[in-house]
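So the protein sequences, as listed, match chains A and B. Counted from 1, the first sequence has number 607 at position 607 by our numbering; the numbering is strictly sequential. Counted from 1, the second sequence has number 6 at position 6 by our numbering; the numbering is strictly sequential.
For the record, the hints were derived by calculation from the structure and aren't laboratory data. Each hint should be verified, as a subset may be incorrect.
Repeated chains share a single entry, so a pair holds when one copy, or any two copies, can fit it.
To be verified - List time: in silico DSS-like cross-link candidates among lysine-lysine, alpha-carbon distance up to 25 Å:
{"id": "1", "residue 1": "K383", "residue 2": "K731"}
{"id": "2", "residue 1": "K107", "residue 2": "K706"}
{"id": "3", "residue 1": "K389", "residue 2": "K107"}
{"id": "4", "residue 1": "K389", "residue 2": "K42"}
{"id": "5", "residue 1": "K709", "residue 2": "K383"}
{"id": "6", "residue 1": "K124", "residue 2": "K39"}
{"id": "7", "residue 1": "K499", "residue 2": "K46"}
{"id": "8", "residue 1": "K172", "residue 2": "K590"}
{"id": "9", "residue 1": "K538", "residue 2": "K107"}
{"id": "10", "residue 1": "K558", "residue 2": "K292"}
{"id": "11", "residue 1": "K618", "residue 2": "K330"}
{"id": "12", "residue 1": "K538", "residue 2": "K738"}
{"id": "13", "residue 1": "K46", "residue 2": "K113"}
{"id": "14", "residue 1": "K296", "residue 2": "K544"}
{"id": "15", "residue 1": "K706", "residue 2": "K301"}
{"id": "16", "residue 1": "K601", "residue 2": "K467"}
{"id": "17", "residue 1": "K735", "residue 2": "K618"}
{"id": "18", "residue 1": "K330", "residue 2": "K709"}
Number of protein chains: 2
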Amino acid sequence: MKKIKIAAILLTASILNISFYAQSQSHPNLIMTKAGVEKMRKNLGKVPLFDASVQQVKQQVDKEINLGIDTPIPKDFSGGYTHQRHKLNFVIAQKAGALYQILQDEKYATYIKDMLFQYEAMYKNLPIHPQERSYARGKLFWQCLNDSNWLVYMSQAYDAIYDTLTEQEREKLENNLFRPFADFISIQNPKFYNRIHNHSTWGNAAVGMIALVMDDKELLDRALYGIEDDGLPIGGIDNDGGTIKVAGQKKGFLANLEDPFSPDGYYTEGPYYQRYAMYPFLIFALGMHNVKPEMKVFEHKDNVLLKGVNALLNLTDADGEFFPLNDGQKGMSYFTASLVTAVDVAYHYGEQNPQLLSIAEKQNKVLLNESGLSVAIGIRDGKTQPFVKNSINLSDGQNGKQGGVAVLRQGNEDLTLVFKYAAQGLSHGHYDKLSYSLYEKGDEVIQDYGLARFVNIGQKGGGNYLKENKTWAKTTIAHNTLSQDGQMHFGGKYKLASKHHSELHFYQVTDDNVQIVSATETNAYPGTDMHRTMVLIKSDGFDKPYLLDILKVNADAKHEYDLPFYFMGQVLSQNFEYESPKSLHPLGDKNGYQHLYLEGKGKPSTNSTQFSWLNEGKYYTLTTVTNPTDELLLTRLGANDPEFNLRRDAALMIRRPDSDNTSFVSVVEPHGSYSPVSELSLNSNSNIAQLTVVHDSEDYTAVVIKDIKGNSNQFIVANKNASTSQQHQLKIDNKSYKWTGPYLFINK
Amino acid sequence: MKKIKIAAILLTASILNISFYAQSQSHPNLIMTKAGVEKMRKNLGKVPLFDASVQQVKQQVDKEINLGIDTPIPKDFSGGYTHQRHKLNFVIAQKAGALYQILQDEKYATYIKDMLFQYEAMYKNLPIHPQERSYARGKLFWQCLNDSNWLVYMSQAYDAIYDTLTEQEREKLENNLFRPFADFISIQNPKFYNRIHNHSTWGNAAVGMIALVMDDKELLDRALYGIEDDGLPIGGIDNDGGTIKVAGQKKGFLANLEDPFSPDGYYTEGPYYQRYAMYPFLIFALGMHNVKPEMKVFEHKDNVLLKGVNALLNLTDADGEFFPLNDGQKGMSYFTASLVTAVDVAYHYGEQNPQLLSIAEKQNKVLLNESGLSVAIGIRDGKTQPFVKNSINLSDGQNGKQGGVAVLRQGNEDLTLVFKYAAQGLSHGHYDKLSYSLYEKGDEVIQDYGLARFVNIGQKGGGNYLKENKTWAKTTIAHNTLSQDGQMHFGGKYKLASKHHSELHFYQVTDDNVQIVSATETNAYPGTDMHRTMVLIKSDGFDKPYLLDILKVNADAKHEYDLPFYFMGQVLSQNFEYESPKSLHPLGDKNGYQHLYLEGKGKPSTNSTQFSWLNEGKYYTLTTVTNPTDELLLTRLGANDPEFNLRRDAALMIRRPDSDNTSFVSVVEPHGSYSPVSELSLNSNSNIAQLTVVHDSEDYTAVVIKDIKGNSNQFIVANKNASTSQQHQLKIDNKSYKWTGPYLFINK
């Protein structure tokens, strides 16, 4: 029954393969246009960064042309030769296309033509890829996702040489290669193609790109609106544990554009995947802009695509590296190729924001199309302004009503807090409600672990997700947030977690010196409410800004709580005694605990427990309010990791047993510096004498941070009413405090 | 008896405090001269790097002047405030002196004068420093060493303002401060002052510097020749375990210049301490050059001081960081202030080697004296040439006959081997005969641990040496060399170790593609001879050069051997099976083994055992010839380290039980690359199919490295006769090989 239906669609598709434009289109028209090409040619030799980019690409492409074309029979996972080769082929072909148009050298057209016909000869008899791990295996690659990458790039190469081919040649390519290729990744793989997921975005864009080049309405509709009747059952699960089909969900490119982006341009899977998905989104949007401007894809959902570029650039540290929220590989940054596309397209087709030019300058390359030229001209003409990253609060969810991610920044990224109170983030989400990470410039102070994967490194599970991604990286205890009774948020259940999100209490950054985000989570542990208020404070008497962290817990029963601090660096000192085991044993047997060794176990010796470390020539001290019954655990990652898939990172963990209503109040304080060259150690001790919770009720929490000179910072937060106009009054130690708005900060 | 003698010397000293020059000297004359100052003044505004250096120093000094002078009562170790303050005082005073002379602004002279009189008022009643850890406690600092630093710098400041003071003022300063200060660090601390040791070099230079300013022959003689009768017994031990008095040893500055430097300028304690000692050596030599040129201190021992600068610059990786031989803190580099002095002085007073200018350019500052001006002029005038680091073999020992350190370099520091076959290196030496480290550019591939100390970081043992320096950092198993029966070389006995040194077999770098050093050690384990031949090979078929390591052992009894590889990075894969313990236990209970956890234990599954890792975006594979009875241990540092004084670094260790004559033959092969930005993984697999020892006799060892394409590199080394003219003949597998010289390399 199902087979017949697909065959019918195939038939229909090939009958309907007729032009749907009144006048014939001229090529290139996809990401380059005739007019744009003219402009690039005219400006050759006149725009330094554009010329340099042409030369850089030319060098790379010429080298590959000299090596000759290889289209090996597919066999490898992402770490292996055939994968890398086919990937390089489409990357180089796309670039050769641009060079052909700009430099008008026939050799580039010939190279693409020869390569395409090698694929054409190969594709018709090509079986499904022999590696069986993917839920949707490709032909050239082990998964349809990479086949889609191929088509997105090859469509551009084809467009670039379209006019050099005879009609017979085009027909041969389209009938034997492009159309079967597009059908394979779509109607033959609806579970890959018809989802709301970055996979489907690539698939949709791939089909759409070739549709625009081939001038094929049926394919374009399939790209924009998906396969109407995919015959798939509700449910199903992919390799990452993500649901394949959700009842009532839309599909196709426009739905993918609609759903995972919040109105602020935040992509629910997180910046690492946003960076990956941005390319097909933008490049297909650009193609649509050029071929079907009346569809206004760039303007869709109030310019969400261009907003997405801004969100993405704001989700980086001072070195331009993306915060590794959810599954994110550290080191990925705005220097990656898809962000060159993103920045150039956002500049040219957006509002020519001159701050984007400073990012492009750092990238030191531009796209070889009109938008890249436009950026390079802007830079040449001295229009560049610094890209200023301020604090930002990005909502999550299609309507912006599923929590969010706040980034608080002090100074010129001197201290950056990334606070996650978002939705689950689809299949790449982690069980990390109200977790955070902290950066000083580009260095991690308190880290988010990121993913457990070595992308494209064949020796490590074929370059794919490792089992430790599930057993460690996604777990709650792997994050700087609260674990209850050794359990994961939502019991680690994806479906359940996907139903909920945290709620913003308030976000206020009107005072540069006291920037705050506060949010609640009531579903992660049923019966337990968590409320976390995080404040970046710049105060006299402290040489650097510091983080105040108030995590308030209200539970309907007694539990054991663990709150870890994944500090980065070398332990220096602490004000508590601890025992060091002679041998190291795992801290638990499941939910991530099985991967932690216990390196030390102690008890607080004071209410203000302190712990100091050194990292990258900078000192840090954690000061945290502890109870006498708290345990202080020093942990080290690496247990039950026989294949060395995990880093040997450390944490200090506060374990608070047998508690229902309790607060964890901490300060993470960067201070001083050390240089191994001058051997000068400055300000290596904490500036904090005492941290005290002076009031903690349902309505208010008040904290006093007393420094070593006897001065105090006092912070009071309203736990219930966060309206900026609300008046509050509170008596602490017979002293009355009156204020308006959600918080009061006093420096005395 | 001893007390009376010291008192007598003090009396004599103050009676003899008379000028020993016929004509009175004019000031400044120490590291600045009247003529030099004139030249600097004339060139102000004309030499960019000099002007920038003046401005940089001015900014620093002006800031301190605004803060006011503080000379607190001494109480802290090197991490604490009083230590840092007094240190900053002498550093700033010296700089203020230079500024006064160059800019002729009285405020700098006043600042120095006021500071000196504050010290003068304080010093006469100042007791010994309250911290009791040092074998030779200072007054301003916890050890005489730092007091000597003070006097070396303050002498320069005093010289700079000498002419601004009245004779009464000078007398007051000299009688109450400088002379008692010089006496305290010398005749009252002969065990500090009268040694062959970097401590004494500082002491001697300090006394000598003030002697030159005060024009005091008795002090100058004491500086140059030491204290004749110090009344000390033979023996005695300092804080680092170094011997204080060795029978028959000379003393004083000239003896210190004579003894620890080899004729090649290698300093037996290693580059970290050479960097530290270079400053007093050079600055006092410069003072002598200016005041007593007839003594020809720069020319002493065939220009050994200037050769020392060259040796030191060659003992750095591609980033300019010193190899951490013996006790060395990683990160120290030629960017440190003493190397600015060294480079500038070596340029100006040496042969104006234009390659030194490229180092000065990187340092981006120059000394504020004639030599700094000269360097800045050289740079301004475009004389700079790149500093080329080739392979170099530096002899150790006063006469260059106590082994040495060889640095083999391939390409432009693409691969750098540091091979140590030296003497013990005084009290800062490690028990690491025939050990090595390996670098790719500035990144460690196989690391030398360095010291266990956090210099000047108070939280870590006052910033002084930690006990783990002895229990771990100095031990044999902490190094990439052979441990026998779990023992340290020389049983870890300093006196015994100091009697011996390794011997060079040969060093040959005539063929750029096959660079070799080969050395033997016969005393570290009595009855066991070790012979290690290390070769950097650049061969067709390999994308990068690799290291071949042949360690041949001949023992008169059966032993268990451990050979560790302290690789840096993330484990990727291996071709052997191993068990991973559920809990981690220390590998042993002494000699460093107590600090190692066992993370895995396996057996070879082939004769060519392979182990791969990834570091800083580069792949590495160790291929090593193993026996079926070998054990392969995966270790992790950190056991018995309750205070987290050690890094959690890993090693692969080959354990070969029950062996007498055996060879360890290994290749460390860098290959490919990985970028977290492009996620492109290139050449991640080893190029080696098999590593075989095809011949191993008393006379010859022959190794074949077969690559995955079936090509081979064959290397034969003559173990006995290394003469370049010796003819050799060897039959292997019925094939005859004939060659001349110590080795044969065939690429086939």
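- Between the shortest in-copy and the shortest cross-copy C-alpha distance, which are at most 25 Å for K735 and K618: within, between, both, or neither? Answer is neither; intra-copy 38 Å and inter-copy 62 Å both fail.
- Item | Status of K107 relative to K389 across identical chains (alpha carbons, at most 25 Å) | Neither way: K389 and K107 sit 44 Å apart in one copy and 43 Å across, limit 25 Å.
- Using 25 Å as the alpha-carbon threshold, which applies to K389 and K42: within, between, both, or neither? neither (36 Å within a copy, 46 Å between copies)
- Query: When no copy is specified for K706 and K301, does a C-alpha distance of 25 Å or less occur within a copy, between copies, both, or neither?
  - Reply: Classified as neither: same-chain Cα gap 49 Å, cross-chain 61 Å, threshold 25 Å.
- Is it within, between, both or neither when you check K538 against K107 at 25 Å Cα-Cα? neither (60 Å within a copy, 35 Å between copies)
- Query: At most 25 Å between C-alpha atoms: does K124 with K39 qualify within a copy, between copies, both, or neither?
  - Reply: Neither: 39 Å inside a copy, 82 Å across copies.
- Task: Go through the copies and call it for K499 and K46: within, between, both or neither, with a Cα cutoff of 25 Å.
- Result: Close neither inside one copy (55 Å) nor across copies (71 Å); limit 25 Å.
- Intra- versus inter-copy proximity for K706 and K107 (alpha-carbon distance at most 25 Å): For K107 and K706, the Cα distance exceeds 25 Å both inside one copy (72 Å) and across copies (39 Å).
- Item | K618 and K330: within-copy, between-copy, both or neither at 25 Å Cα | For K618 and K330, both the intra-copy (21 Å) and inter-copy (16 Å) Cα distances are at most 25 Å.
- Query: Is it within a copy, between copies, both, or neither that the alpha carbon of K46 lies no farther than 25 Å from that of K113?
  - Reply: neither (31 Å within a copy, 61 Å between copies)
- Task: First find the shortest C-alpha distance between K558 and K292 inside one copy, then the shortest across copies, and answer within, between, both or neither for a cut-off of 25 Å.
- Result: neither (61 Å within a copy, 82 Å between copies)
- Check K709 against K383 for me: Cα-Cα at most 25 Å, and say if that holds within a copy, between copies, both or neither. neither (48 Å within a copy, 54 Å between copies)
Hint violations for this structure: numbers 1, 2, 3, 4, 5, 6, 7, 8, 9, 10, 13, 14, 15, 17, 18, all remaining hints satisfied.
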